[in-house]
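Protein chains in written order, with the working numbering: chain A, 1 to 264; chain B, 265 to 623; chain C, 624 to 896.
No lab work stands behind these hints: they were computed from the structure. There could be a bad hint or two in this list.
To be verified - With beta-carbon atoms standing in for the labels, derived distance ranges:
1) B:Leu442 <-> C:Gly797: 48 to 54 Å
2) A:Gly39 <-> C:Phe804: 49 to 55 Å
3) A:Gly39 <-> C:Thr738: 14 to 20 Å
4) A:Phe243 <-> C:Thr841: 37 to 43 Å
5) B:His357 <-> A:Phe243: 24 to 30 Å
Just so it is clear, CB atoms sit at the ideal spot from N, CA and C, and this is done for glycine as well.
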Amino acid sequence: MKALRRAYLGLVLVFLYAPIAVLVVYSFNQSETRAVWGGLSLKWYQALFHDKNILDALYVTVSVAALATMAATVLGTIAAIGIHSMKSWTRDLFMNVTNLPMLMPDIVTGISLMILFIFMKVPRGYGTMLLAHVTFDIPYVIFSVLPRLKRMNPNLYEAALDLGARPQTALLKVILPEILPGVITGALLSFTMSLDDFAISYFTSVRTANLSMLIYSMTRRKVPPTINALSAIMFVTVLVLLFVVNNRGSDTGRGRGTSGGSAP
Amino acid sequence: MVEDMHLIELENCTKEFDGFEALKQVSLYIRKQEFVTLLGPSGCGKTTTLRLIGGFEQPTTGRVFFEGTDITGVPPYRRSVNTVFQKYALFPHLDVFENIAFGLKIAKVQKADIKRRVAEMLELVGLRGYEKRDIEALSGGQQQRVAIARALVNEPEVLLLDEPLGALDQRLRKDMQLELKKMQQRLGITFLYVTHDQEEALTMSDTIVVMREGRIQQIGTPKKIYDEPKNAFVADFIGESNILPGVMLYDRRVRFADFEFTCEDSGFGTNAPVDVVVRPEDIVVYPDRGMLKGIVRSVLFKGVHYEMMVDTGAFTFKVHSTMMQPEGAEIGLSILPDGIHIMRKSEPVKDPQEEGEAL
Amino acid sequence: MKRSYFAAPYGLWMAVFTIVPIFLIAYYAFTLGGGFSIENFRMFLEPAFVGILTFSLWLAFLCTVICLVIGYPAALLLAAKDMKRSSIVVVLFVIPMWMNFLLRTYAWMTLLEDTGLINRFLEWIGIGRQRLMYTEQAVLMGMVYNFLPFMIFPVYSVLSKRDERLLEAAQDLGANAFMTFLRVTFPLSVPGIVSGVTMVFMPAVTTFVIPRLLGGGTFMMFGDLIENQFLTMDDWHFGSALSLIMMVLILISVGILNRADPSGQAAEGGGLW
Numbered sequence: 001m002k003a004l005r006r007a008y009l010g011l012v013l014v015f016l017y018a019p020i021a022v023l024v025v026y027s028f029n030q031s032e033t034r035a036v037w038g039g040l041s042l043k044w045y046q047a048l049f050h051d052k053n054i055l056d057a058l059y060v061t062v063s064v065a066a067l068a069t070m071a072a073t074v075l076g077t078i079a080a081i082g083i084h085s086m087k088s089w090t091r092d093l094f095m096n097v098t099n100l101p102m103l104m105p106d107i108v109t110g111i112s113l114m115i116l117f118i119f120m121k122v123p124r125g126y127g128t129m130l131l132a133h134v135t136f137d138i139p140y141v142i143f144s145v146l147p148r149l150k151r152m153n154p155n156l157y158e159a160a161l162d163l164g165a166r167p168q169t170a171l172l173k174v175i176l177p178e179i180l181p182g183v184i185t186g187a188l189l190s191f192t193m194s195l196d197d198f199a200i201s202y203f204t205s206v207r208t209a210n211l212s213m214l215i216y217s218m219t220r221r222k223v224p225p226t227i228n229a230l231s232a233i234m235f236v237t238v239l240v241l242l243f244v245v246n247n248r249g250s251d252t253g254r255g256r257g258t259s260g261g262s263a264p
Numbered sequence: 265m266v267e268d269m270h271l272i273e274l275e276n277c278t279k280e281f282d283g284f285e286a287l288k289q290v291s292l293y294i295r296k297q298e299f300v301t302l303l304g305p306s307g308c309g310k311t312t313t314l315r316l317i318g319g320f321e322q323p324t325t326g327r328v329f330f331e332g333t334d335i336t337g338v339p340p341y342r343r344s345v346n347t348v349f350q351k352y353a354l355f356p357h358l359d360v361f362e363n364i365a366f367g368l369k370i371a372k373v374q375k376a377d378i379k380r381r382v383a384e385m386l387e388l389v390g391l392r393g394y395e396k397r398d399i400e401a402l403s404g405g406q407q408q409r410v411a412i413a414r415a416l417v418n419e420p421e422v423l424l425l426d427e428p429l430g431a432l433d434q435r436l437r438k439d440m441q442l443e444l445k446k447m448q449q450r451l452g453i454t455f456l457y458v459t460h461d462q463e464e465a466l467t468m469s470d471t472i473v474v475m476r477e478g479r480i481q482q483i484g485t486p487k488k489i490y491d492e493p494k495n496a497f498v499a500d501f502i503g504e505s506n507i508l509p510g511v512m513l514y515d516r517r518v519r520f521a522d523f524e525f526t527c528e529d530s531g532f533g534t535n536a537p538v539d540v541v542v543r544p545e546d547i548v549v550y551p552d553r554g555m556l557k558g559i560v561r562s563v564l565f566k567g568v569h570y571e572m573m574v575d576t577g578a579f580t581f582k583v584h585s586t587m588m589q590p591e592g593a594e595i596g597l598s599i600l601p602d603g604i605h606i607m608r609k610s611e612p613v614k615d616p617q618e619e620g621e622a623l
Numbered sequence: 624m625k626r627s628y629f630a631a632p633y634g635l636w637m638a639v640f641t642i643v644p645i646f647l648i649a650y651y652a653f654t655l656g657g658g659f660s661i662e663n664f665r666m667f668l669e670p671a672f673v674g675i676l677t678f679s680l681w682l683a684f685l686c687t688v689i690c691l692v693i694g695y696p697a698a699l700l701l702a703a704k705d706m707k708r709s710s711i712v713v714v715l716f717v718i719p720m721w722m723n724f725l726l727r728t729y730a731w732m733t734l735l736e737d738t739g740l741i742n743r744f745l746e747w748i749g750i751g752r753q754r755l756m757y758t759e760q761a762v763l764m765g766m767v768y769n770f771l772p773f774m775i776f777p778v779y780s781v782l783s784k785r786d787e788r789l790l791e792a793a794q795d796l797g798a799n800a801f802m803t804f805l806r807v808t809f810p811l812s813v814p815g816i817v818s819g820v821t822m823v824f825m826p827a828v829t830t831f832v833i834p835r836l837l838g839g840g841t842f843m844m845f846g847d848l849i850e851n852q853f854l855t856m857d858d859w860h861f862g863s864a865l866s867l868i869m870m871v872l873i874l875i876s877v878g879i880l881n882r883a884d885p886s887g888q889a890a891e892g893g894g895l896w
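The task is simple: from the sequences and hints, build the whole structure.
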């Protein structure tokens, strides 16, 4: 019975990993066409690091994700604190507006922002892509921080005031440490969402391409084997990152007992 | 011990939350070094009163005074009172030392001083050597002590305690009651204590303030409140009692349960309808004689005494006696003059359980 | 300063970048040639366009069902008691989700193309080369592959939080393994299913990348159609009308799904983490 279960999970895993594995294997292929196996080679990795298009797109992807995450984390955390202390109807209004970008299909979000930028005659490039990313990242931060605020003992803030802390000190020294795990979760979510985004970037930027956009345009012509090398590198990066994050999650989980699924 | 100076005074304080009146015209003073308890069922406004003094809420109307100066509107971090919160509100991201040192660090006390004073406090609450412990690794009782230490280390003029023992088990509660009382006497700090537990209030307080539905019902010493409840609500809430309607015939003469009794009260006029309170332990049981005759309907053993429900036809009395009478037996009951308390008629007592928590 | 004002900058941001753009779409959808018009919506009613929508819905529905059929048992097994401690296995299921979406889809191109691995395997066992790319099945395959983790995770996260004692209680009350599943485990997992269905169905209906790459433009899905109006046909009015239709469709289906899950757990964001 147990073996059967494992076999099933194994089969699903094979389905999930087979395509990625194929890319990784091909990344070491000496031959340019996938039809032929030309022996082991690292030449696509070398080519990757000299491909200006890919490196530029990589830079755009990572920097947009980092900047958008920073902005969204700050804005979203402050907003969550504000929303948390709201009365019912304003709170409902804000929550519905926050839900909207999460419910809207990416393509519609992208198009609506594209119309906005064209309407306001803002040339679509790096800046507009960044604005769009901040917009779809903030709700993730708010949804990660709010449960933390809800779970927090409401007297903590008052206890700090009671002990002589001014409101801003209390916010910084008591509330922020309390909600920090939620803030970090929100930031990580934002970052990965930004890294992975295609549809919204595609509509909000024409002059600057991120990785997803570059790969998309390549598949329309011919995909160079350097992309296989890129896949392999990204796969390993994700692998390492997730295991690091996972360990962090279980550590805080043991220490606090209330980490409540903050990490996968 | 208690000085006569008014340390804190509330003047006609009213508090509304979204149209709900949590406090109605509350006036109250607390003297220096006094142990005052706000007592009442949930939703009676006792916690709101405490929060007005702590500065967490502002009165809708009315003023709060501290040593004679108006402090209405002064934020909590500028008041020389400290609070022990209901569920302690210890900072989970800080250890025991950092929690207790929090207020001192804000006040920019020197490092060496902080260390010394925190150590003193831990000694006082019996947690020596617990500095580096994680808050969540402490038991409920230990967290309780840390919360008290965190408040006391700032040497407040008044310590506000909001049901501080509510989360502890029975045994620990009793120990902590004694300890808190001792601490208060030793440090000479004014305590304002909130509880719904009448026994706790009776054991610890110099003065008890009984509240109900946002109004003060009675203020007095524990003995006075127990012996001379001002109305049926206080009588019912403090201790167990038989409350029944009666008629004050003239001074020192009252009729209830179809019998005329001699009592010690006067000043109610003649033939005035009143409420009569008789504590179950003030009813004397005789096997054969007595002022009233009744049939024992039920008997419960309560540890020290038996609790019997005795039906006299006009009223079913709750009676405490060390002598067991079997169910169904006809017995006699007598009430001595000092066991009868006369109160003016008040509105019927509602079951406190039915009222929602105001906060 | 009142603490609720903290949300003011965010409110302003969302007004500019979410509310105004939606109104712009609505504006274009309801105008044509400078005046108010519902012509854009009437145009949508042409059989060709309605056909594209029903085809997209059908494909997304198939994708959702397949994901549920494959994903639910996987989630159940992952949440089982003997698996709980091995969080590594769980992480293994997450990893593909974090790979770049375009790369994942491109990976299937390399598998399905005429000279791809699958075809070479088919040739080798003697079946011969098949046309795999640019078919409905290829698009469906790509969708299932991309969205399967979004079904497994919400279900897993709900099931893994369930109280083990409930299962013991059910057994204590005489339920066998099957009855325990039917009466306890499955009802408990409904919020996860609702969340998973939302997270698979929504992107599946709206995707235009997967049909482009794996369908090769041989047939159109609703997402393609919208993208086409804006970037190829330059007909913002019709495109906006289509976007509006899609938004309303999504909102309605989310509303229906949330009704199926009164506890509202699905709305909390599905538990990607």
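Kindly confirm whether 24 to 30 Å is satisfied by the beta carbon distance between His357 (chain B) and Phe243 (chain A).
Given about 26 Å between the Cβ atoms, the range holds.
Tell me if the beta carbons of Gly39 (chain A) and Phe804 (chain C) are separated by a distance inside 49 to 55 Å.
This hint holds: roughly 52 Å between Cβ atoms.
Distance restraint evaluation - Leu442 (chain B), Gly797 (chain C), Cβ atoms, bounds 48 to 54 Å:
This hint holds: roughly 51 Å between Cβ atoms.
Per the hint of 37 to 43 Å, is the separation of the Cβ atoms of Phe243 (chain A) and Thr841 (chain C) within bounds?
holds, 41 Å
If you check the beta carbons of Gly39 (chain A) and Thr738 (chain C), does the distance land in 14 to 20 Å?
holds, 18 Å
Violated hints for the displayed structure: none, as all numbered hints are satisfied.
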